[in-house]
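> Given next are the chains, with one letter for each unit.
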Amino acid sequence: MITGIVNRDFEPIIPLSVYGADGKTYIKNAIVDTGFNGWLSLPPNLIAQLNLRWKRRGRAILGDGSECVFNIYEAMLVWDGELLTIPVDEADSEPLVGMSLMNGYQLVVQVFPGGLVELSKVSPV
Amino acid sequence: MTTKQPRYSKEEFARLGDEIYESQVRPQVEAGNYGKIVAIDLETGDFEVDASEIAACDRLEATHPDAQIWIVRIGSGYVRRFGGQTKRI
Chain Z
52 MITGIVNRDF EPIIPLSVYG ADGKTYIKNA IVDTGFNGWL SLPPNLIAQL
102 NLRWKRRGRA ILGDGSECVF NIYEAMLVWD GELLTIPVDE ADSEPLVGMS
152 LMNGYQLVVQ VFPGGLVELS KVSPV
Chain Y
2 MTTKQPRYSK EEFARLGDEI YESQVRPQVE AGNYGKIVAI DLETGDFEVD
52 ASEIAACDRL EATHPDAQIW IVRIGSGYVR RFGGQTKRI
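Residue numbers (our numbering), protein chains in the order written: chain Z, 52 to 176; chain Y, 2 to 90.
Hints may be right or wrong, so weigh each one.
Stated by the list, open to error - Some residues of chain Y that are not near chain Z, with every Cβ distance over 12 Å (derived): (1) Ser-24; (2) Ala-32; (3) Gly-46; (4) Thr-64.
As the list claims (entries may be wrong) - From the structure, some residues in chain Z lie toward chain Y, with a derived Cβ separation under 8 Å: (5) Lys-79; (6) Asp-84; (7) Gly-86; (8) Arg-104; (9) Lys-106; (10) Ala-111; (11) Leu-113; (12) Gly-114; (13) Gly-116; (14) Glu-118; (15) Val-120; (16) Leu-134.
As the list claims (entries may be wrong) - One-sided and incomplete, this derived list gives chain Z residues near chain Y with beta-carbon spacing under 10 Å: (17) Asn-80; (18) Thr-85; (19) Phe-87; (20) Ile-112; (21) Cys-119; (22) Glu-125; (23) Gly-149.
Hints are computed from structural coordinates only; laboratory data are not their basis. Beta carbons: idealized from backbone N, C-alpha and C, even for Gly.
All chains should be built: construct the whole structure from the sequences, respecting the hints.
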């Protein structure tokens with residue numbers, strides 16, 4: 052199980068261990084974002100800090116209906132005790148955890164500042 | 002090992018990617034592959050299809066290590082939806 056907390060801005064936050072190109076793990080707090088269908092997005096300065104490798108580009112639609120072309124990197128991270136390699140999207144926002152990374156998990160959020168966030172593995176019906 | 006970098010601006014990348022997808026790739030992949038990812042090398046026009054984005058790109062890079070890859074989700078204009086993306090001030 053992965054656990055986190057709802058912050059004062061009503062954002063569900065979980066800690067993530069992401070591997071940098073130097074092989075070290077870096078703990079980053081990320082916002083659980085059910086409106087994001089990717090795996091993980093990181094801002095350009097964190098991608099540079101982790102020295103992730105650029106892999107490809109694609110087109111995305113944003114919350115306001117506009118579209119953009121964005122860079123995709125890849126990184127290894129520890130997710131619920133397992134090592135995963137996932138696409139990392141470059142986005143000018145706080146780190147976001149998307150629905151693809153939470154695939155196969157149940158998300159429970161106590162919606163008040165200080166409330167608990169829990170992600171637990173489930174068997175799809 | 003050299004590190005791969007984009008060799009085109011974002012605008013040019015998308016323009017070339019759309020052109021190759023529409024003219025060469027789409028007619029070959031659209032039937033029966035809805036929702037899968039196509040990875041296209043902009044410089045050779047070669048492509049790979051897979052439900053897994055990483056698997057499609059890995060296969061393309063196995064034969065084209067320096068590929069300039071544009072990805073498309075079959076049947077959609079977008080490979081990602083970013084919900085309430087906001088910039089911190």
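> Each hint should be assessed against the structure and marked as holding or not.
Each hint, compared with the structure:
no., hint, result
1, Ser-24, "holds (17 Å)"
2, Ala-32, "holds (22 Å)"
3, Gly-46, "holds (15 Å)"
4, Thr-64, "holds (15 Å)"
5, Lys-79, "violated (15 Å)"
6, Asp-84, "holds (6 Å)"
7, Gly-86, "holds (2 Å)"
8, Arg-104, "holds (6 Å)"
9, Lys-106, "holds (6 Å)"
10, Ala-111, "holds (4 Å)"
11, Leu-113, "holds (5 Å)"
12, Gly-114, "holds (5 Å)"
13, Gly-116, "violated (11 Å)"
14, Glu-118, "holds (7 Å)"
15, Val-120, "holds (4 Å)"
16, Leu-134, "violated (14 Å)"
17, Asn-80, "violated (13 Å)"
18, Thr-85, "holds (7 Å)"
19, Phe-87, "holds (5 Å)"
20, Ile-112, "holds (5 Å)"
21, Cys-119, "holds (8 Å)"
22, Glu-125, "holds (7 Å)"
23, Gly-149, "holds (8 Å)"
Violation of the numbered hints given earlier is confined to hints 5, 13, 16, 17; the remaining hints are satisfied by the structure.
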